Amino acid sequence: MDFDWFAQQLPGWREWVMLRQAHALEHATVWVLNEMQAQTVSTSRWDDGNLGGLATDRGFYLYGTVEVPQLNRAARCALRRLQQGDWQLALHPRCGTNTLVSLVVAASLTLGTSVLLPRSPLAQLVGMGTALTLATQLAPELGSWTQQHLTTEIPFNLQVARVFPTVDLWGRTAHFVQVEWCDSARLKFAS
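Everything in the sequence shown is counted per the working numbering, starting at 24 for the first residue and increasing by one.
By construction, these hints were calculated from the structure, which means they are not laboratory data. Quick caveat: nothing in here was measured; it's all calculated off a predicted structure. Among the hints, a few may not be true.
Unchecked claim - FRET-style restraints, in silico, Cβ to Cβ:
| id | residue 1 | residue 2 | range |
| --- | --- | --- | --- |
| 1 | Gly119 | Leu155 | 33 to 39 Å |
| 2 | Asn73 | Gln31 | 37 to 43 Å |
| 3 | Leu157 | Gly194 | 37 to 43 Å |
| 4 | Leu173 | Met59 | 24 to 30 Å |
| 5 | Gln31 | Val190 | 31 to 37 Å |
| 6 | Leu155 | Thr189 | 36 to 42 Å |
| 7 | Tyr86 | Val127 | 22 to 28 Å |
| 8 | Trp193 | Pro144 | 40 to 46 Å |
| 9 | Arg103 | Trp168 | 24 to 30 Å |
| 10 | Gln93 | Pro116 | 20 to 26 Å |
| 11 | Leu155 | Pro116 | 17 to 23 Å |
| 12 | Met59 | Leu157 | 35 to 41 Å |
| 13 | Ser131 | Gly194 | 30 to 36 Å |
| 14 | Pro34 | Gln107 | 27 to 33 Å |
Virtual Cβ for every residue (Gly too), placed ideally from N, Cα, C.
Working from the sequences, and respecting the hints, build out all of it.
Dropping the structure here:
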């Protein structure tokens, strides 16, 4: 049984997979653009913080100063590198997933201590401080785990269709990297 058969059986499954794969490609493209900007390709990851993105099931928006040909090259290079096993490119420390996980962990632990500890102001203050400290220790690893297992997936079923400047839903200028689904039989991995 192959994935294409499975994707046809569950409505919305292909879109969910494409969203996760586009999210991974977005992260990888940001890493590659930063490497191109630094003019070094190394095992250490460098990020100047000037690029950001938003994934959809049709591709991803990229915000920041970049030219279309440069983005096109970077997206195709990122896809090739992901497909060839450079899977760490799919994870990014500035991902919104990390922020969301941090907020959920902090809120959960703070609420939990508030409910479980005595109502005295000192106990509540110490409990909340401890909860927030614990949250800052747990959140980075939980965020990375969440990216790796829930919000990104290696894009084995995608190809870059086109890259073009656009305006997003909120009126901000951006570039859109459009991707399309490739059936398993049509996939060709770059060597």
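Results of checking the hints against the structure:
| no. | hint | in the structure |
| --- | --- | --- |
| 1 | Gly119 - Leu155: 33 to 39 Å | 20 Å, violated |
| 2 | Asn73 - Gln31: 37 to 43 Å | 41 Å, holds |
| 3 | Leu157 - Gly194: 37 to 43 Å | 40 Å, holds |
| 4 | Leu173 - Met59: 24 to 30 Å | 29 Å, holds |
| 5 | Gln31 - Val190: 31 to 37 Å | 34 Å, holds |
| 6 | Leu155 - Thr189: 36 to 42 Å | 39 Å, holds |
| 7 | Tyr86 - Val127: 22 to 28 Å | 25 Å, holds |
| 8 | Trp193 - Pro144: 40 to 46 Å | 42 Å, holds |
| 9 | Arg103 - Trp168: 24 to 30 Å | 26 Å, holds |
| 10 | Gln93 - Pro116: 20 to 26 Å | 23 Å, holds |
| 11 | Leu155 - Pro116: 17 to 23 Å | 20 Å, holds |
| 12 | Met59 - Leu157: 35 to 41 Å | 39 Å, holds |
| 13 | Ser131 - Gly194: 30 to 36 Å | 35 Å, holds |
| 14 | Pro34 - Gln107: 27 to 33 Å | 32 Å, holds |
Violated hint: 1 only; the structure is consistent with all others.
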